[in-house]
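So the sequences go chain by chain: A and B.
Just so we're aligned, residue 1 is where the first sequence starts under the numbering used here, counting upward by one.
Just so we're aligned, residue 1 is where the second sequence starts under the numbering used here, counting upward by one.
By construction, these hints were calculated from the structure, which means they are not laboratory data.
It should be emphasised that the depicted structure is a prediction, and the values quoted were computed from it without experimental measurement.
Some clues are possibly wrong.
A pair counts as met if it fits within one copy or between any two copies, since identical chains are not told apart.
[Said to hold, decoys possible] Below are the BS3-like pairs computed for lysine-lysine, each with C-alpha atoms no more than 25 Å apart in a straight line:
(1) Lys133 with Lys114
(2) Lys37 with Lys156
(3) Lys198 with Lys114
(4) Lys133 with Lys117
(5) Lys156 with Lys38
So you can see what is in the structure, the chains are spelled out below.
2 protein chains.
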Amino acid sequence: MKRVITISRQFGSAGRTIAKAVAEKLGYAYYDKELIKKVEEKTGFSPEYIEEHGEYAPSKSFFALASSYIGAPRVMGGMSAYDYLWVVQRNAILEIVEKEPCVIVGRCADFILKDRKDALHVFIHAPMEARAKRIVRLYGESEKKPEDRLKDKDSKRAINYKHFTGGTWGDSNNYDLCLNSETIGIDKCVELITELAKLD
Amino acid sequence: MKRVITISRQFGSAGRTIAKAVAEKLGYAYYDKELIKKVEEKTGFSPEYIEEHGEYAPSKSFFALASSYIGAPRVMGGMSAYDYLWVVQRNAILEIVEKEPCVIVGRCADFILKDRKDALHVFIHAPMEARAKRIVRLYGESEKKPEDRLKDKDSKRAINYKHFTGGTWGDSNNYDLCLNSETIGIDKCVELITELAKLD
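The shape of chain A in the complex, shown without the other chains (with noise of 0.2 Å):
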């Protein structure tokens, strides 16, 4: 039996949905926002600020001008904000998973705890398109195209991930499954996991 679920996704894939449907159905603590107000707690940051820089890069010129430009927010004697937020988060995740068996929603729950041998590792994708029609469904039209908005999100989790992790984002080799949810349907995606995290 696995004790964690980590499952990373693709803005629009529906993996929050696979994610809580998971927790559900083995009886385990289910961690996304109340990951957000654990940090909250510690940090003072606001919930926005942490959702906001707690899985996405600042900006994709971030770490260039943050490194040139003096003038940078910085707390913790020269650390940023954004690297403060990673270390708090970080402890907040090695907390949880020992107080009791959870689903962990995205936060690069898959490297902090790569090296759990009870820890199954998710990732859950869809096509573009599958997204596109999902995040205007469920969060309405914007200004900005959906694709567009799909596109900045991943960049940043891109960035993001390979900022602290040196790896690469949605890289098979970091999971050990990867689903597309579009071809293989949502019900079937947790049934799957659900399977998986039965396993010793």
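Given chain A, put chain B in place with the hints provided.
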């Protein structure tokens, strides 16, 4: 029911073993070496040449060299033998899938058949350490360290994939299902693929 299963795999990940077992379970034709024979008939290239160049870039510096070196061996009016092999191999794959339900190992078949609704695309991977143990057990020791043999093969397959598909080999986006055969186990991989193959 999926009519075609493509199984891409890292060297030493047991992908071929898994593919063979899936074909047997489903009663599908199995194409791996069989594909080499088909290409041999059409090209007259030796099986060794086809096996070596049908999935692997000739060398890391081949593309840089080929474009600058006037004496590079070329056939078919300016087309390199390497590119020509791709064309014949691609056509062989397109013919095969029309003929019978099948499992095809490697050879960018996921990309070649990416628009077929009746195909399931799978990628099998495993951690370096597990693969190193496996290739030493199956193929014996060689002068080169097993990790170096694996890195060399991985890199040549990735360059080959990039050259012909423009994509990233092993990127989960290319496949419906990616499995770590070491943590999930060979038998369970076979079971999951067979299960998904039976879906519409």
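A quick look at each hint next to the structure:
1. Lys133 with Lys114: Classified as between: cross-chain Cα gap 21 Å, same-chain 33 Å, threshold 25 Å.
2. Lys37 with Lys156: within (22 Å within a copy, 46 Å between copies)
3. Lys198 with Lys114: So lysine 198 and lysine 114 pass the 25 Å test inside one copy only (18 Å; across, 32 Å).
4. Lys133 with Lys117: Cα proximity of lysine 133 and lysine 117: across copies only (19 Å, versus 37 Å in one copy).
5. Lys156 with Lys38: Within one copy, since 23 Å is at most 25 Å while 45 Å is not.
Consistency with the previously given hints is maintained throughout, with no hint failing.
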